[in-house]
Each structure stands twice: as structure tokens, then as C-alpha cells.
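Those sequence lines, one after another, are chains A and B. Its first residue numbered 4, the first sequence is counted upward by one per residue in the numbering used here. Its first residue numbered 85, the second sequence is counted upward by one per residue in the numbering used here.
These aren't lab readings, by the way, just hints derived from the structure by calculation. Given the structure is predicted, the values throughout are model-derived calculations rather than measurements. Glycine included, C-beta positions come from ideal geometry on N, C-alpha and C. Heads up, some of the hints might be wrong.
Some chain B residues close to chain A (C-beta under 10 Å, calculated; not the full set) [stated by the list, open to error]:
| hint | residue |
| --- | --- |
| 1 | Arg-140 |
| 2 | Thr-153 |
| 3 | His-237 |
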Amino acid sequence: MRALPDIFAHWFAEKGWAIHPHQQAMLDRADAAALLLIAPTGGGKTLAGFLPTLVDLAEGSHDGLHTLYISPLKALAADIKRNLTTPVTEMGLPIRIEDRTGDTPASRKKRQRADPPHILLTTPESLALLASYEDAPRMFKGLKRVVVDEIHALAESKRGDQLMLALGRLQRLCPDLRRVGLSATVEDPAAIAQQLARHPDACDILRADPGPAPDISMLTTHEAPPWSGGNAAYAIPAVLEEVRKHKTTLIFHNTRAQAEIFFHNLWLANDDGLPIGIHHGSLDRQQRERVEGAMVRGELRAIVCTGSLDLGIDWGDVDLVIQIGAPKNVKRLIQRIGRANHRYNAPSKALLVPANRFEVVECVAALEAVRAGELDGDPRGSGPRDVLCQHILITAAAGPFEADALFHEVTSVGAYAALIRAEFDACLDFCATGGYALRAYDQWQRLQQRPDGLWQLRDPRAAQKIRMNIGTIQDTDTLKVRLRRNRGGKPLGEIEEGFAASLTPGDTFLIGGQIVRYEGLREMTVEVSRNAAKKPKVATFMGTKFATSTQLSARVIEMFQQAEWPELPAHTAEWLALQREVSQLPKPGRLLIESFPHDGREQTVIYGFAGRNGQQTLGLLLTKRMEEMGLNPMGFVATDYATLIWGLDPVETPAPLFDLDALQDGLETWLAGNAVMKRTFRASATIAGLIQRNTPSARKSGRQATFSSDILYDTLQKYDPGHLLLDITREEALRGLVDFGRIEEMAERVAGRIDHLKLTRVTPLAAPMFLEMGRVPVKGAAEERLLAEEAARLMESAGIADITPQPSNTPRWRVGY
Amino acid sequence: MNCHPFTFAGTAIKALGSGALWWPENEMLCVSDLHLGKSERVARRSGQSLPPYETRDTLARLAADLDQTGARIVICLGDSFDDLMAAATLPEAERLWIARLQAGRRWIWIEGNHDPGPIEFGGEHLQDITLGALTFRHIAAPGCTAEVSGHYHPKAAIQTRGRRISRPAFLYDDDRLILPAYGTYTGGLRSHSDVLGHLLGPKALAILTGPVPTCVPMPR
């Protein structure tokens, strides 16, 4: 065991602290080439990561940069700087700590390159930028350690791939560099370790005491959850009651729109005027910072939020986490719960609130997974090649390079270990010439090979453009929203450009918990006025609709096999029992398909359990196949579990529909013209450097010279269908929004074992699907009533009207708008 | 042929769905802002290598319009080439293709701000030209009437049920007609923009291009 130097021991003693075992272990293994620490939030993770650095630097003999700290958030870097400066000042250590992000003033950035601090706190993008300068070898000279914080969050995205490529470069400059990763609890630490370490080196995993198991339960209410929908309005009185009982509550939602609607309804019912705030990624930064500040000072009793609060910023004394809607993914749930209760040895407390009847089943399944300690997550594929293309350009910006050496460096990154030389060469060719079948740019290629074999930028001025384009985060085109005033009204946040375009003056929408009226567009800013009188007609924000994970879906199917369901509320258990009586429940390893007439149409429900995106794609492909087979499909709707297709002719023999090869063929044709593909292409083409980032100033100038990336996509499809970028786009879409992987997984799981039931009417399990139809983002009172009437009618036709208590007609709280 | 017939300055003409203007009486086809050679210029100036297929795509569409109309006069209304060097370095195959399109027709290149000088292609090279009642020039001139121009790459958007459709568009009022850009790699300037709002009077109309050209009051 490595003894803590006296000055540190005294400091710990003065604070009345004992060093945590995992902090000691990190110190003992300071020389490991790569080390991954898995520790719960509040476990002194950051100090554990920095302790070897501080001890090393305490002697005062190191000159220049010693440790690089990378975090996924700018705010986190600033936070850590504060937290780290305290012990350094208190112990009087000769250590200089600075942060460097997009917000750092240019003068300080310049100085940092010439005279770097001992510890530099930064983000993956800022690091990539540093690596693109010619003086990078000088700046990073003597670098000993790199600490990657919240590596679990980075590991899931292209930002992580970019970071690891940059570390590959640093490792070449500083062969003795030690890598440390700090992670929350994850399902597959080995996968993260493999990404962190230099391939094929080993990376040890250190596990801190996970602390007591979280105390998670499902909120039970008098009122039964509705059959469909996601806003959980029925639970508002019970949620308010919980907020009253706790000090600070975080109320997580899966989408921003749901958070806005819930916040609005919560305030309408908040008769005690409890201080409750809202926080999500579309709100103005000042607004978010105000809420964050109030939170840290303990002034808020609750915050309605989305994933924007997911990362490890210290939020003070949260003693309850509420998750509205099924968590969709057990790992995310656990990490969210980790937000609560930063006291290391107290159990975190969390409540799940299902938004509809099906989610009751999903919540119970998730709770069982938590108890069994079973996390989920889909394995990441190999390193994306658009990020590699950007890395090649960044390398070229730093100076001439040798292709062999770069290939060697890239394949030392875990995610790119399996990259073959031909793939690398194709990326290099793309960066150099565009990689077109038609060799057009011999004279103007971006990279040239010199007589000595090294590659370099043809025009050194291009380095500037490459730097401006660094990063893998895609900004969707958003417009700022401001209150209309004489000049410079208060900024409220941002909405998608597409949504803004659909507004006409007088329309109202929700943002930051208030209803605003659209007045007009001025210089690419949406101007609004306050208007609480009208009910909001529309509300959409960009936001991920998470798909239920494969593992959680499997658990739900398992639950369906039980003889009875004592763990479920009576209304839900009776619903499932009735389904079993009139039809059957989906079984593991089989595919349940129900067909029945309804509303003068032939309806078919496919319970594929392939997640929302997968079921959506399945719907597109199946309707296309049905069209070819003359079954006259008219439309479909998809949820995480099933796809409902309606049409003029009944499906008699579904098996031929599910021929995987035929589906795959259909996919190819369908994909080519698909909007999802165009969106994916735009992202990949930007990352790979084919098109420049769409800067706000360029959009503002409205120059007619710029044209849509869709035109490039169509042109490539027409004249160069084998092009690298189309290949990358296809690969991305298939594992992202199209999620064909889940359909393949389904096809393998059921292997042709189809249970096709022809029935005479809507089944209980299918009934909620009919309410999914249409997109009605905000449901006013009239719509709610229509919906309730329709729900009652559907339930009656499914024969279950009598077993379900109707929602009370006299609300005990004030209903929104 | 998908077209929108209309009368401008007493002249019966047709807006084609492709963005070309067809004058049946004179058997004249007018296209504006082809921006041939754009990907070459972008590569030369910024190092970005766009898919180098836009010239053949633009020419293929132009060839189809010439086939369909059997035009005897062609006016390219300026910015036909992305710059003079792009014109000079156009690949051989594409130069020959242009020559084939020109064969047997009167071909007029109007100068634009992107191609303001002599180019090596056959045909007449002019600042502007007046045929019948109409004057053709690249950029609309203040105070002119019966004028056909290009330059601004106008586009217009209409809001349908829940969906906004934005297309390159012809804009016209009593005095001037502005053609959409014909080239494949061309963006557009919204009809809402101040500059178009000032050029065109309050009763201006927009004809959206596409499979069925659609005429609406110019969106402002």
C-alpha cells in the first residue's frame, strides 16, 4: 500500500475524513497503464481519479502539463475546477489548475498553449482542437496522466470515439501516458475498459463499494392509469403529495414535450405554491443556470427535468427521484436514481410512475431487473468511419503524416481495433479526393501525397476550416424564442426550425412552463408574447424517443407467462387475464399476430417487441410487402411492443410477410429515398468534413449560394451509389433510427414460429394501440373527453368495460386549460 | 408537359415545372443560374470535394426540356458557369455535351456576376437582349418594365395541412419576372426576404416549381 504523504494525511484528518478504500486503491495502482473505476455518485470518485496526480505534483518538481481531465460537459469542468482548487489551496500545493472549453477567452487559450497549467480540465472537442495545432507535441510534452470522467456517458456516443482517437494520438506523443476512466455503474464495464485502454493492452477494473441498494417502488394511485398516452396527468395529485413529503425531488421525463406538459399541469394543481422549476435542453442557458443555482441553494422543492440533468453535477440534497413514464432502459434508470441522495451510505429513493396501463407492466419488469442487479444496454458497433475521416483531417491540420503510422495509431483505439486497411484507405481517399468513382479533383484535392510519401494539406489555409468543423455533436437547426419587446426581449429557449415554420401568428405553445403566443419571425428569432388565456394548441420539441431495451422487452414477455400477477395492480392483472382468455399473451421465442375486423377495416397487430424504432421500420416494410401482395394496407402505428396495420383485406397467411431476405430487399429500396436517411447523411457528411457546419451566422445571412445537403444525397444516390458516405449513412441508420438490428433480432428469436390468431373483435392488448393513432401532442379538455369516450367504446368492444373503473368525472384538482 | 401558362407584359408564356421558361410563339427556352462547374470551383477555393456530378445532372435536365419543347432559341440568363475558370476547365465530355445541345439552335449567353466575361463556348455573348416585348438580363435593374431576370434564386413556401412545402419559384408582378435557379447545386432565397419584397409589388405572384407548377400570391 502506498502511504499518503503527510500533508495529505493531515488534510484528511483535519476534515475528519478517512480515505475511501477505492481512493487508496487508485493511489496504489497509479502506475497502471489503464484503469477503470466504477463508483456510485457521491463516492469521492473525482478525488480518487486525481489523488495520484496531486501526490505526484505535491513535490513541485514537474514542469508543464501533467494531467489532462476530460469531461462530457463544460459545466462539469468548471465544477471540478472549483472542487479541486479547494484541497490544493488548503494544502498549499504548488499546482496550477485551469479549464479550457468553448467559453474560455481566446487570449487565455493562446497562453495555455504556450504555457500549459499542471492540470488542464477540458472536453473531447477542445482536446481534438488542441491536437490539431502544429505545436501539439510541445504542449503535451511531459503529459503523465489523463482522467476521463463520466466515461459511461461518452462511451455511448461518437464523442467517445473521437476522444479515444485523440488519446491514441497523445499516446504516440507521450508513450508513458496513464489512462484513468471514472464511470457510474454500467452493465458491461469490460466494454468500456476495452475502449479506454490502448489496444490490445489490458485495463483493470476497480469497483468501489456500490453502497446500499436503491429503494425503488412504483407509485400506486387511486386513479387507474389511462390506456395510452405519456403525460401521466392522472398521477399529479400523488406526485405533489410526494414532493410535499420530501426535501428536494427530481421528476424525470423521457421527452422535453412531456416535461413541459407535466410541468404546466403540475402548476395548475400546485395550490400550496411549492417552488417547482423546470430544466431541459431546449431552455435558454440563463434560465437553466437560474434553476441550477436555485437548486444548489436548496430553494426548490422539485425540478421537472429530462436527460439534461443526467450527468454528475452536484445537485445538493436530492432525497427523491421520480421517473414519469416507463424507464425504457434499466441502466438509465439506475444512473438517474444515482442523482438522488449524494450521501454515500444512504440508500437512494425513487418512484416509478407509469403513464399508461402497458407501462405498469414495464415498470414492474424494470423493478425486478433492478432487484436482480441486471442492467441492459446494446453493444456498440465498431468505431464509426465518419469520425475517423474527421480524425484524419485533424491529423493533417497538425502537420504532414505517414499513412502507415496513422493506421497503426487508429487501430490502437479499442473501437477501431478491427478496422481493416482497405477501410482506412477508403477514408483517407475520401479525405484526400472526395473518393468519387469519377476522379474529378486531381488538381484540387484536399490532401496530397508528397514525394517522400507523407500526406499533407494541399492548401495549408484549409487547416482553419477543419478546426472550425471539429466535433461530432449535431446541432439541429433551432431558432431562439424571445418575448417581443421594444428591443431584446427576454430569451426563453429554442425550438426546432421545422416546428417554428409550422406556426402561424396567434398559435400558442408551451416553453419553459409558460404558454406563449407566436407573433412572428424576426431575424431568425421567434418572437412571442405571454398569453395564458388560450390553451396551447401545439407543443413539440426535438427529443429522443427512447426505445425499450431488448432485455427489458424480454422481461415483459417473461412476465406474461405467469399464471397470475400478484405484483401488478388489480386493473392491470385483470386486463392481462382477459387477454389470455379471449386471445393469448405473447410467448418467448414465438411471434404473436392478431387479425380482426374493426371500424370497417381489417386490422393486424404484430407483437414483435422490437422497440419503437424497430416496430416503426417493421410497419413501413410490412405495409410495403402487403402492398406488393395486394392486401391494400392503409396505414400503421407503432409502439415499443407492437405494430398495428389496418387495410382493406385480411391477412390470411402472415408467414410470407416475414421472410427476412424479402424484408431486407424492401429495406434497401425503401431506405434510399427515406427522410431518416437524409438526416443521417447530413450528420455523417458534416462529421466527415464533406459539408461545413451550418453556422447560425450563415443561416442568418440567408445566402442563396448555400444549398441543402439533401441535394448532395440525391446526387450521390443517382451517380455514385457505392460512395463511402452512403455506405456510412446506411450503417448508421440501420443501427440508429431505422434499428433494423432489432428486427433481425426478432426474426432470429421467433425463427418462423408464428402464432396467428384470427379473431372477431379488438383484443384487450391491442385496444390501446388504437388510441396511439394520430399525433395530438397537447391534449386539451375536449380532446381528453373525446379520447376517454373513444377509449370506453374500444374497451367495451373488447369486452372489458366492466372491469375497469372509469376515470372520475369530477376531477379533484384543476385540469389544465 | 407540366407547365403553368400565364401572361406577362402582354406576352403569353409558360413556367415549366423544371424551372425553365417557355415562350411558344418564339420557340424560345430560357433558363437561369445553371452554375455549371460549381463543384470544381468549391474544391479549388475551399478544398471541399462535393460530388462532381452536378454539371451532368443540370445538362441532363436541360436536354430533356429542349427535347420536349423543341426550342429553337435558348437564353441562359447569366451565372451559367460558377466562374470563368470553371467554364474554362469544364471536362471534355461536358463541353461536347453543351456543343451537342447548341447544334441547330440560336444560343444566347447572358453575362452574370459569376461569369462576367467571354467564355469559349459557341453562341452569342450579351449583357442583355430584348426579344419582342421582353428584355432579358441577369440582375433586375431598378425602374425597368417587361424585364425577365434571374440572380436571386427565389424560392417560396406554402403551408399545407400540417406541412410546409418549399420549392424554387418564379416570382412576377406587372413589371418583372424573376426566374428560379436551374442548376442542381443551387440553394434559394426565400420570397420573404426584404430584397425580393422590395423588388416585387404587393400583387406579385409566385409559381412553385415541381411536378405540377402551382401559382400562389407571393408569400411575404
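Status of the hints after comparison with the structure:
With its C-beta approaching chain A no nearer than about 7 Å, Arg-140 (chain B) sits inside the 10 Å limit, and its interface hint holds. Proximity of Thr-153 (chain B) to chain A is violated relative to the hint, the smallest CB-CB distance being about 24 Å (cut-off 10 Å). With 10 Å as the threshold, the beta carbon of His-237 (chain B) comes within range of chain A, its nearest partner Cβ sitting at about 4 Å, so the hint holds.
In terms of the numbered hints stated before, the structure departs from hint 2 and from no other.
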